[in-house]
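Chains D and S, in that order, give the protein sequences. Using this note's numbering, the first residue of the first sequence is number 1083, and each one after it goes up by one. Using this note's numbering, the first residue of the second sequence is number 81, and each one after it goes up by one.
Please keep in mind that the hints were generated in silico from the structure rather than gathered at the bench. Small disclaimer: the values here were computed from a predicted structure and weren't measured. Any given hint could be a false lead.
[To be verified] If you want the footprint, here are the derived chain S segments under chain D, 3+ residues with CB under 8 Å:
#: 1; segment: 118 to 127
#: 2; segment: 141 to 149
#: 3; segment: 276 to 283
[Claimed, not checked] Sample of chain D residues facing chain S (criterion: CB under 7 Å; computed from the structure):
#: 4; residue: Q1157
#: 5; residue: P1181
#: 6; residue: R1182
#: 7; residue: F1187
#: 8; residue: D1189
#: 9; residue: A1192
#: 10; residue: S1193
#: 11; residue: L1194
#: 12; residue: A1201
#: 13; residue: G1261
#: 14; residue: E1264
#: 15; residue: S1273
#: 16; residue: L1420
Quick reminder that beta carbons are idealized off the backbone N, C-alpha and C, glycines included.
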Amino acid sequence: MGAPDPPAFVRLEGVSCAFDVSPPWLERLLQGGRRQWLRAVEEVSLAIPRGTTFALVGESGCGKTTVARIATGLQRPTRGRVEIGGIDIHARRPRGAGPRVQMIFQDPYASLNPRWKVADIVAEPLRARGAPKGRRARRERVAELLRLVGLAPEDMDRYPHQFSGGQRQRISIARALAGEPEFLVCDEPTSALDVSVQAQILNLMKDLQRRLNLTYLFISHDLAVVRFMADQVGVMYLGRLVEVGPAERLFAAPRHPYTRLLLAAVPDVAAVGRLRAPLAGEVPSPIDPPSGCAFHPRCPLADARCRRERPELRPASGGVRVACHAVAEGRDDMDRPLLEAGPAPRALDRSS
Amino acid sequence: MAEASTRRSRRRPVLDNELLEDFLHAPVAVLAAVITLGFFLAALFAPWVAPHDPFDLAAVNLLDALLPPAWLEGGDGRFPLGTDDQGRDVLSTIIYGARISLGVGVASVLLAIAIGVPLGLVAGYAGGRVDAVIMRIADVQLSFPAILIALLIDGVARGLLPRELHDELAIYVLIFAIGVSGWVQYARTVRGSTLVERRKEYVQAARLIGVSAPAIMLRHILPNVLGPVLVIATIHLALAIITEATLSFLGVGVPPTQPSLGTLIRIGNDYLFSGEWWITIFPGAALAILVLAVNLLGDWLRDALNPRLR
């Protein structure tokens, strides 16, 4: 099916992560509660070739951030393994011997220590790696990095609170680059920023990727951002990947009902006033997920098999893999919208 | 760069100009600070400030005993607040007493910080079993009144040390007793703040960079949890002074050869009903004013450093 996959630089294999959310044992003993596990991530496998971007999308609480934390090594998976450049990052090894992974965080206000000067923040990875040696050499390197992310070297003697959100995110990126990462995990790096600033940061990240051959795992719930950044996209629902494929393919012809509804819900500047088909219902609790396909309570194509049996990721057309019985059985009529959109409400219809 | 550099000067370093400005606009805080500072200076420079040296036996004259304050009939201008039963100047004994009280207070607060802050940091950062053990010890200690623990430590020290050695070490035993009985509050507060800070993304970033846990605690978290510690330390200072006075009043504190404010109150108490009220009332008033001033300062600091009250 198509060209052979390029060799993966980052590989997640069957990664699952469950959190113990049981009440304390004394309470369980007295009130007879059960042990409860929150299955944040279930059997996620993905592969990212070097120098490309893999984007994870999904609603809040679907496990995107947990995948990001597992991919960096901050969180240990319950099952599965993460390999970067062929090295298992969760295996025991001496400090600093592993692959170089850095992360850019969502909140540009919490990700910088408010009591440190920018020079110290950006130099921290340099000090940790012990290169370059000496205060002077480090300051030169910091100046270089600040210029690289579009800040002035004179900014290094200021405190984070003296910068705007976009500038802080640039500082975050400079700090990440100081660690000379091969793999960069970005957890919603632009969701806290204004739209105009978002574009600047995204352009900067793309530019850096080209120049430094960086590999990105990009987490977002913003489909426009994902479309701009991603080479591959994985759609997550309740801890599982439901559709994975090349970005242009997935955006042009989404197959999984969830992806289709997600894309249909995106506001479109060209069609203001059109009533968009809303994605009905809430995300179910990952503590007590629905039987069978986790999406069936919200899916217009669900039948008895969907309620009973969990679908596996299976190749569909165009290098896309989909976990859906309806797609596998050909029950999804791609020519009809999944939900009928109603006529525009009169209040919004300016032409009449 | 389209992003305009915003130079909002929000308070960041623990003490800075804005805090100073707040301070100058709070008359109560300024008064409290002046009084506290006055006590500290007087205590520090007692030999130069006090009109007499009450412990210089050669200078003390029994003929001057039990003189009333200077403005009363029979008062003597040399002794503005009167004299005690041994002819010592009450004002001078108060200044020297404040020296002992403040010294013990400050030292025991520092000891409590030295024990409580590291334990709180470790408990909050390590979590799990380490946290459980430290906090259960804290809970157990908290179920006894601090004064009881101080009495217990003092009693044990008395039992262990020979009598003359104990008198010599009494002050250190007292500092140890008050310090150990007060660490829990610091540990709890620092643990709570550490739990909050540990989840913040700058700590995660430091972990990813490969900074070691002790370095993260010391360099990243500690500076961000010191604000509340400063507030507690101020209020604890007042409490420590009171505790010391209480212990000394009960006769288990500092020996009478180095009387603190509490000792002075106890000694003077014997003369209260025979009419020589000044021997006990003036040290008592000094203690009350000192503690009130320190407490008001602590209250103001708590409000000023609390972003939710702004």
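**Request:** Identify every previously stated hint that the structure contradicts and give their numbers, smallest first.
**Result:** Going through the list in order, the structure violates hints 1, 2, 4, 5, 6, 12, 14, 15, 16 and respects the others.
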